[in-house]
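Student: Below are the chains, spelled out letter by letter.
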Amino acid sequence: MELELLVALTIAAALFGVGLYGSLSQTNLVMIIMGVELILAAALINMVAFWRYLHPDVIAAQMFVLIIMAVMAVEMAVGFGIAIARFRSRGSVEMEEARELRG
Amino acid sequence: MIGARQGALSGFRRLIAGAMARDLCVFALPGIDVARARGIDLRAANLRLTITPRHASVLLFLGSLPKRLEDAAVVAYAQMPRPRAIVFLGAGDLPDGLHADVIGELSQAGLINALDELTKIISEGAFAAQVQEFDAPALQTRIEYTCPMHPEVVSDHEGNCPKCGMNLVPREISAGTAHAAHATPEQEPAMPPKSPPQATANHDHSKHTSAEATAKYTCPMHPEVVSDEPGSCPKCGMFLEEVKGEADHEGHDHHHDHSKHTSAEAAAKYTCPMHPEVVSDEPGSCPKCGMFLEEVKGEAEHEGHEHHHDHSKHASAETAAKYTCPMHPEVVSDEPGSCPKCGMFLEEVKGEAKHEGHDHSGNDHSAHQGHDAHASGASADGIEPQFMSMIELTEGQPVSPDGLIMEWIDVPFGPFFPGLPGGLGLDMSLDGDSVAKVSAHSLVSAGELLAEGATPPEKFVERLAAMSPLSPVSYRQLACLALESAAKQEVASSDATARAAAVERERIASHLGWLANLGAQTGFAMLERRATNLELTIRDANMDHIAALDPEIASLLARLRKSHMLRDKLSGTGHIDHCSATSGPVARASGKDDDARSDDATYIGLGFATVTGSGGDAAARLEQRLAEIEQSCELIAKAEHLSLPEPAKIGAASGEGEAVVETPRGAARLTLTLTDGMVTAADIGTPTAAHFTLIEAITQHAEIADALIAVGSLDLSPWEMRP
Amino acid sequence: MTIAIVLLAVVVGAYLVAVLERWSVHGQFSLSGPAVSALALLGRESLLARTPDRLFFEAGPILLLVAGLLGAAVIPLAPGLIITDLATGALFLNAALAYVLVALIMAGWGPNGAYGLIGGWRFLGQFIAYAMLIVMPITAVAMRAESLMNTQIVLSQTQLWNIAYQPLGFVLFVVAAMGLAWLPPLDLPSAPGDLAGGVEAEYTGVRLGILRLARMVIILVMASATVTFYLGGWLGPVLPAWAWSAIKTLIVAALMLFGGRYVPRVREARYLAISWKLGISLSLANILLVGVIALVVPI
Amino acid sequence: MTLQVIFLAFFGIAAVWFGVVVFRTHSMVRSALALLFSQTAIGAMFLVMQAEFLGVLQIMMMATEMSVMAIFMVMFMMDPGGMGAMDMTHQKRLSLRAGAVGLVAALAVIWLPDWGPIAATVPSAGEQIKLLGFELLGRSMFIFESAGLTILTAMVAATMVAIAPQSETANKGARDGA
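Protein chains in written order, with my numbering: chain A, 1 to 103; chain B, 1 to 723; chain C, 1 to 299; chain D, 1 to 178.
Just so you know, the hints here were simulated from the structure itself, not pulled from any lab data. It is possible that part of the hints are untrue.
To be verified - Only pairs whose alpha carbons sit at most 16 Å apart, straight line, appear in this in silico EDC-like list of lysine to aspartate or glutamate:
hint	chain 1	residue 1	chain 2	residue 2
1	D	130	C	146
2	D	130	A	57
3	B	638	B	550
4	B	638	B	495
Claimed, not checked - Just a few of them, taken from the derived set where beta-carbon distance is under 8 Å, the chain C residues facing chain B:
hint	residue
5	37
6	40
7	114
8	122
9	197
10	263
The C-beta atom is built at its ideal place from N, Cα and C for all residues, glycine as well.
The shape of chain A in the complex, shown without the other chains (with noise of 0.2 Å):
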C-alpha cells in the first residue's frame, strides 16, 4: 500500500504550486520571499516522504533536510538584507518598482 506516499506527494505538489503562484503574482519582495519558503517546504515533504516510504535506512536523506531548513533561513535572511537595503535606498521594496535589476 503506498497510500502514505502519495498523499504526502499530492501535498507536497499542492504546496509547490500555491509557491509557485505566489512568488509570480506578488509584487512584493517580501510576500515573494513567503512563495519560495513554501516551495522550499514542498522539497522538504519529498525529501522526508522518501526517506520514511522508500528508504528509511539511508539516514543521509534527513541530513539534506537539515540542509534545506538552513538554506530556508539564508534564504530570508539574504532577502531581508536586500530588502533593507533596497527600502532604505528607494523606499520600496515593490518588484514593479525595482526596474534597474532587470536584465
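Starting from the known structure of chain A, arrange chains B, C and D on it as the hints suggest.
Tutor: Then chains B, C and D, alone, in the frame of chain A:
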C-alpha cells in the same frame, strides 16, 4: 452601584461579587505622586495599584481635578470594564457625567472608611438587572473618510478622491475636534488602549489633519477662487489645489514635504541621469556615480509655482484620459465605451484637456526625486492601473537616523501614565520604538494667581500652596517671603531657620518621591517600596523623627549608590548641556553652580555650600538628588526648630516685593504688589517652565523607555506650569 | 491517568506560582489571593479593543496557554510521571516555547494599540537574543546525558547535578528563562513603567485571566525545566521523587520572581547587546568546556 | 486507510489551506503567521511520518523565522492592517497558469510511476538521532561543514548589505533637511 454589570445577583454571581469586593484594583487620579504628597498610602489600605484603567475596578479621585483633566478622566472611566466603581476623596466636583459611589475625606483614614463602604456596595451591587449606558461628549467619535494617498482630502461620506480617484478609506476621530484630531490634546483619550487609530498600527494620516483645518484650496488658473474645501473651480472646473506654506503647516513634516523639491526646483539645472536626487547649479559630475550631470531644461521659469504632490502616475494617466468609469476611477480611456470591470458606460471627464496643460506647465517634474522612475513605471509593461506605488507612499516620509523610512506611530503618553508625573501629557511620534517627535503639555497647569482680583495675604499664601500639591511648603515659603519683602518686614532668624528646615524636609520628601517614581518607572520594586514608605513618614515628621529616620535614609542611599544596574540604566540618557536655562538639581547635576540658597543669610548661617555634580545625564541627576537628600538632612539637624511658614500680619502695608526660593525642583521666583494689605498683582516663575522646554531635546531619537526615563529625571511638576 | 496527574500538578503549580508572583509584585502573601482575583476577573467584562484584529486578539492568550502546556508535557515530575517522554524532549521544549513568541506577537498586534505593538516588537528582539541562550546550554546538557530525552537528562545527574558540572550554563539558562517568561528585570514586553502593560494592556476580564494563567504556566515550565536540566529533577534523598520536583521547582520559581525586585529593568539595547555579544560567546565556551570535561573526567 | 494516512492528509490539507491564505489575506502580518501555521502543519506531517527530530526542529525554527518575517512586513509595508484593499499582485493570470502547470506536472510525476512497496518500519526516534549525528559528523561532515560555512558567509554578507553605510545616511539626512 452605578457602574454595575448587567445580570441578576444570584448564586455563583454572589460569590464573584464577594471576590470582587475583596480584590480592589485601583487606578488613582491624577496620579500616585499626588497621593503620596497628600500622605495617602494606597498599599497600606490593601489596594492593588494598576497601570492601566483596563485592569482596574476602582477609579480613585484624589480631590477634584483641574478642568482640562476631566475629559481624560471620563475616558479612563470608560475604559474600565464593568463592574466599576468610583471613589472620590476630598471636596469638589467630579467631572460631568461621572457619579461617585463613595465619597470620603482626603486622608488615609478617609480612604479606609471609603473602602469599607465600597466593599459592601460592590458585594451587593456588582450586578444589576438594569444598567445605564455610559456616554459622555469626550467619548464621541465619528467616522470620516480620507484618501490614503492624499491625506488632505477629507470627506464626511464615502466616495472617491478628487485628486487620484482612489476610494476613500474610513477612519475614526474624536468628536468635537472637527478636522483637527490632535490639535486639542486634552481630547485625546488618557491611555492608548482605547485611543483613536492614530495610536495604532494603522497608517493613519490624522497627523496631517490639523493642517487642512486651515488649508485653503485655490484654482491654479484663477487665483481669486479660494475655498476651504477641496473641490472644483466654479470658473473653469479644474480641481482646486491646496495652498501650502501657511504657518500651521510647520511641524507637519509628514505632509508631503516638498521643501526639498521646491528648493531644488529653484536652483536645479543639472541632474544625474542615474541619481535624480542629485541636482546641481553647475555642470559637473555626480558625487555618487561620477557620471556627467545632464542639463534639465525649462527649470528656472517655474520657480515659486505652487507644486502639489500630484502623483505623476495619475497625472499622466489623467492627462490622456477623456473617459472614465464612474465606479472604477482607475479605468481611463481615450474613447467612449464600457468599463472592462463592471461594464458601465464610461463618462466623459470634463476639463481634463485644460488640466493637462496647466498642470504640467507649472510643475517641475524632473527635479522631483524618483519621479522618473515611477512616471515611466506607470507605462511599463505588466503594471496594472490600480497598482499603488510604494515609492509614492514612502516619498517625503521622514527618514530615521538609521536611514530607514519607517512608519511613524503617534502615541499619547499621559496624562495618567504610570511612568510619568500625573497630569503631564506627552504626545510622541514613535519611529519604531524610538522617539521621533514629542510635544509635551501640562493638563493640570495652574490658573491665574489672582483669580478674584485683590486677594488677602493669607488667602494668597494658601492658594499658592494649593496650586502645587507636590511641593506646597516651598511655595508657601515663597509667598511668605515675597509678602514680607513687600511689607518690608523682618523675620526673626530663629523663625527663618525653622522655616528653612520645613523647606528642607519637603526637599527630602520630594526627592524621595522622585526616587519612588524612578522605582516605579524602572520596575525597581524595592526602591519604590522603600522610598514611598520614607516619603510618607518624612512629610509630616518632626525634628526627632527625622533624626531617627536618618540611618534608614542613609542605608537606602548607600544601596542606590552601589547599584551598578541602576547606573547602567540611567547613564547617558537625557544629557543636558551646562549652558541650558535650567535650575535646581537638574542644573547642579550638570555642574552649574546655581542655588538660590547660597545667597540666603539663613542658609549661610547653617553652613550651606552648594553641592554640584558632573555629567548632566540622568545618572548625574540621581547622584545629585541623593547628595541633596544628605545635605538637607544635615541642614535640618543644624536647625533647631521646624515650623511651617505662616504669613506674618501684614496690616495695611503697600509696596512691591520679590522673593526667590529654591524649591525641590529649582529656583521659583515670585514678584507681587501689595496695595493696602491686599495682593493686587503677582507674577511667578517656576523651574518646571524652563525644564519643560528641554523635553524635546533630551528625548530625540531615544528609545522609548530611555526617553521616558529622561523625562522622569527632570522631575517635572506639571502643576507648576502656567497655561 | 498520568496525563490527569500531570495536569493537576500543573494547575496546582501555576496557582502556587501565582501566589509567589502576587507576593513579589504587590507585597501581599495570601494563599487565597489569586483565587479571589481569578473569580473577580471572571466577573468583569471582557472588552474588545476598538478596532481589533479579532482572530489574533482572541487567539493570542490561548496560544500562549497551549505553548505552556505543551512545554509541560515533556517535563518529568518523577520516574514515569511524564505525559510523553519524547526522544527529542529537550528540543521539543524549545519548539513549544518558541510559540510563546508567536502568541505574544499576536496578542500585541491584535488589539491594534500602540503599547501592545511595541511590546510585541520588544519581545521579538528579546526572543531572538535569548533563544540562543536557551538552546546552547541545553545542547551542553544533552552532551553530558548523551540523549535529548528529558528522563535521561535527569538520570545523567545522579552522581553530580549539572549546576555543579556546568555552572556557566546554569546561569545562562536561568537568565534566558527569565527573559522568556518576561520576568523583571527582563519584563520589556509588559514594562509597567514605560508601556503601561504592553501586550497585556488591552486585555480585560476572562481574556486577561487566560493571559495571566498562561504566563504562570510558562513561569512554572521554565522553573521546572531549570530543575530538570540543572538541579537533578526528581533526584534527592528521603522524600518521594515528586516532592523533590515540587520543592525544587517552587524554589527556582521564587528566586526568578523575587530577583527582579532588587534591580531596575534592563535597557533594551543593553540587553540585546549583552545577549548577542557576551551570552552567545559564553554559551559556546560552555559547550566547549563541557565537551572537554565529558571526554576527560567520566562522571 | 491507516491512521497515518488520515493524520497525514489532515495536516497536509491544513498546510495547503494556510499556504493559500498567505496570498489571500490582505493583512501582511496575517500572511506571515499563516505561513508559520502552514510550516507548523508541515512539521506535524514530519512527526506523523516518524521523523521526530526533523518535525520538532521544523516547528521550532519556523516559529522564529516567521515572526521575524511578520515584523519585517510591519516595517516595510508601512501599513499592515489599514490598507486592506491594496492589491499587491501582478501578472495574476500568468502566475495562476504557472502554478497550475507546476501542480499538474508534479501530480503526473507522482501518480504515474509505480513507487513500489513502502517500508513498514523505521528506526526508533532515538536511533534516528544517533544515526543522524554519526552521519553529520562522520561521512557527511565535509558537506555539512561547507554548508555551514556558506550559510555563515551568506548571513554576514546579508548583514553587511543591510547595515547603512554611514556616509549615505548622513547624505540622506542632509538632503531631507534641505
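Student: Should the interface hint for residue 263/C be scored as holding, given a Cβ-Cβ cut-off of 8 Å against chain B?
Tutor: Holds. Min distance 5 Å.
Student: When you check the alpha-carbon spacing of residue 638/B and residue 550/B, does it fall within 16 Å?
Tutor: holds (14 Å)
Student: Please verify that hint: residue 197/C, Cβ, nearest Cβ of chain B, below 8 Å or not.
Tutor: With a minimum Cβ separation of about 5 Å from chain B (threshold 8 Å), the hint on residue 197/C holds.
Student: Holds or violated: residue 37/C as interface residue toward chain B, Cβ cutoff 8 Å?
Tutor: Since chain B brings a Cβ to about 5 Å from residue 37/C, closer than 8 Å, the hint holds.
Student: Tell me if the straight-line CA distance from residue 638/B to residue 495/B falls inside 16 Å.
Tutor: Given pair residue 638/B, residue 495/B holds - Cα atoms ~14 Å apart, limit 16 Å.
Student: Does residue 57/A sit within 16 Å of residue 130/D, going by the straight-line distance between their CA atoms?
Tutor: holds (13 Å)
Student: Holds or violated: is the Cβ of residue 122/C closer than 8 Å to a Cβ in chain B?
Tutor: With Cβ-Cβ at 7 Å, under 8 Å, it holds.
Student: Keeping to a limit of 16 Å between CA atoms, is the pair of residue 130/D and residue 146/C held or broken?
Tutor: holds (9 Å)
Student: Was the hint right that residue 40/C lines chain B, CB cutoff 8 Å?
Tutor: Residue 40/C check passes; min Cβ-Cβ to chain B is 4 Å, inside 8 Å.
Student: Report holds or violated for the interface hint on residue 114/C, using the least CB-CB distance to chain B and a cut-off of 8 Å.
Tutor: holds (4 Å)
Checked against the numbered hints listed earlier, the structure breaks none of them; every hint is satisfied.
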